[in-house]
Amino acid sequence: MEILDFEFMQNAFLAGFILSIVLAVVSFFVVLRRYSFIGVGVAHSAFGGVALGSLLGISPTLTALGFAVIVSNAIGYVGRRERLSTDTAIGIFFALAMALGVIFIGLSDKYNTDLFGYLFGNILAITRTDIVVVGVLGTIVLLACNFFFKELLFVAFDSEVAFVSGMPVVFLDHFFLTILAFAVVISIKIVGIVLVSALLVIPGAAASQVTDRYAPMIAVSIGVALISTIGGLIISYYADLASGATIVTLASLIFFIMFGVGRLRKRQRGASI
Amino acid sequence: MDNIPYGRRFPVRSAAGSFNKQAAGLKNPVIAELNDVWVGYDGKWVLKSIFLNCNAGEILGIVGPNGAGKSTLLKVIIGLIQPERGSVSLFGKKPGKEARLDVGYLPQISHAERSFPVTALDVVLMGIYSRIGLFSRPGRKEKEIAMDMLSRVNMAELAGRPFGVLSGGQQQRIHIARALCSNPRLLLLDEPSTGVDSVAQEDFYLLLAKLRDENGLSVIMVSHDIGVITSHADRVACLNIEVHYHGEPDMCISDEVMEKVFGKDLKIMVHDSKCATCHMRHEDV
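Sequences listed follow chains A and B, in order. If you count by the working numbering, then the first sequence holds residues 12 to 284, one letter each, in order. If you count by the working numbering, then the second sequence holds residues 190 to 474, one letter each, in order.
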C-alpha cells in the first residue's frame, strides 16, 4: 500500500494504534466518572508545558507531562474542598496553564511553528523516539488501569460507599488523574491539545450507548477509538486534511450512529416488555 | 450499661446467629454513640448538641424534615464528616477505617447510577473488593459468597440483570446484599424509602427485621417519612438540627416535639404496637 511507504505514516499508524487502546480504556473511566471536562482542562494545561519546554530548549513532551500531572492533581485537590466545585477548579487551572503558555511563547525570542502542531496535531512530527515514549507511557497507563480496575470501578460507581467500605478513595482519585495526564500527553502529537479531549470522551460515550456491562463497553470503546484513529489517518492522508480534526470528526460520526442504535434498541426493548 | 439514659436495652437477642455470640462477649451493647456533637457549615450549625446512641441488635430510626441534618448525622457516625465539638464512638472506637469495615452504608438511591454498566452481581461483588486486596480480581469463591447474599435478599434470579434496569426496590435489595458481603454489624440507611413503591417498602423493612433478628444486625436509618420510621424502628429520634425526642416509637411523641421538628402545619398519625396492620406485620416477622 502506497500509504505505508512513508515512514511518517508508519509511525503515525503505530502511535495511533497504541494510543487508541490507551485512550479507549481511560475514556471508559472518564465517562463513568463524568470527568469529561477535566479531560479538556488537563489537555489544555499541556499547552503551558509545551511552551515552557520550547522556551527552555528541553523536551516539550516532558514539560507537558509535568504540567498535565500537576494541573490534573491540583484540579482534584481543589475540587475536593467544600467551597469549590471541580468545575470551578478546572476553569481556573485550565486558563492559568494556557496563560502561562502564552507568556512563555512571548518570552521565547524565536517564533516556533511547532506550537501549532502541538495544538492541532502533526503526524509529520512523529519520530521513532515518540513511538517509544507513546509505547512506554501507554503501557504504564494500561497496566495501572488493569491493576486497579476493580477499585477504580467501585469508586466510579459510588465513591462514598467505596470509602466507607475501606477503599483509599483519595489516593485512587489522584492516581486516576495522573493516568489521565499521561494519556493526554501521548496523544498530543497525533490529535493535538485542542482535540485530544474528544478522544477521552467519545469512545467511552459511544460504547455506553450500546452496552450495559463493563467488559463489552471497554471492548466497544477500543473498537471505536481504533476505527476513528486508523480510519481518520487514512482519510486525512488521501483527502489532505488535518489528521487530528479528521480523527475527531470520524469519532463523533460513530458516536451519533451508536447513539441512534442505542435509542432504537431501547425502544425495541421497551416494546417487547 | 447503666449510664444509658434512655431507650430499650437489648442485652443479646435470643434468636440464633453468629453475631449474638460475638455480642455476648461485648461489655457494652451500645455500638454507636454521639456525645454532644456539633457540626457547623458556613457559620451555621447543622447539628447542635446531639446526644444519641444505637444499641446492638436494634433498628434506630431518625426522622426529620429536609435540611434537618439527617444525612450529615449518618456521615458523622461513619467519620465522613468530623464534628467541630463533641465525640463520636463507633464500636467503642473513633470512627476510623477499622471501625468502618464493620459498617454497611446505603446511600440515597441516585438515578445517576442508572446507566452504570454493571450487573446486579457485579454490584454485590463490590462489597467484597476491599477484602480481596489490591491487584486481584474476584474469583469463584467470591462469586459464590455474592450469590449467597443475593439469595438472602431474594434476588438470586436477577443476578445477571443490568443494575440500571432494576426497580428502586430491587436496587435497594442489591445494595443490602452488597453491604452484607462484608459481614457488617451495623447498617446505615439514608432515606431508604426514596424511589421505592409501598409494597417493595414493606418487603424491605421485613427483610431488615429478619436480618436484625437472625443476625443481630443493628440498623440506623434516617427518613423524612415519620410513618415509615415509627412503624419499623425499635427506637426513634426526632431530629431538626437538635434531637427533640429519643425513645420508643410506641410512646406518644408529643405535639410539641412534632411542632419543633416539622413545623406547625403538620398533622401526624403515629403508629404504635396496637395499630392493627403494624401488629400483624410484627407477628409475621
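Some hints here could point you the wrong way.
No farther apart than 16 Å at their CA atoms in a straight line, the calculated lysine to aspartate or glutamate pairs in the EDC-like style are these [said to hold, decoys possible]:
1. B:Lys264 to A:Glu171
2. B:Lys283 to B:Asp225
3. B:Lys399 to B:Glu431
4. B:Lys286 to A:Glu171
5. B:Lys233 to B:Glu273
6. B:Lys264 to B:Asp379
Now the stretches of chain B that chain A is said to cover, found in silico as 3 or more residues with beta-carbon under 8 Å [claimed, not checked]:
7. 252 to 262
8. 393 to 403
9. 407 to 418
Honestly, the hints are just simulated from the structure, not real lab data. Heads up, the beta-carbon is just placed ideally off N, CA and C, and yes, glycines get one too.
Going down the list of hints, with the structure as the test:
1. B:Lys264 to A:Glu171: holds, 10 Å
2. B:Lys283 to B:Asp225: Judged against 16 Å, a Cα distance of about 15 Å means the pair holds.
3. B:Lys399 to B:Glu431: Violated - the C-alpha atoms of glutamate 431 (chain B) and lysine 399 (chain B) are around 31 Å apart, more than 16 Å.
4. B:Lys286 to A:Glu171: Holds: lysine 286 (chain B) and glutamate 171 (chain A) sit about 13 Å apart, inside 16 Å.
5. B:Lys233 to B:Glu273: At roughly 12 Å apart (the allowed maximum being 16 Å), glutamate 273 (chain B) and lysine 233 (chain B) satisfy the hint.
6. B:Lys264 to B:Asp379: holds, 10 Å
7. 252 to 262: violated (count 0)
8. 393 to 403: violated (count 0)
9. 407 to 418: As far as the stretch 407 to 418 of chain B goes, the hint is violated, because 0 residues have Cβ atoms under 8 Å from chain A.
In this structure, the hints that do not hold are numbers 3, 7, 8, 9, in rising order.
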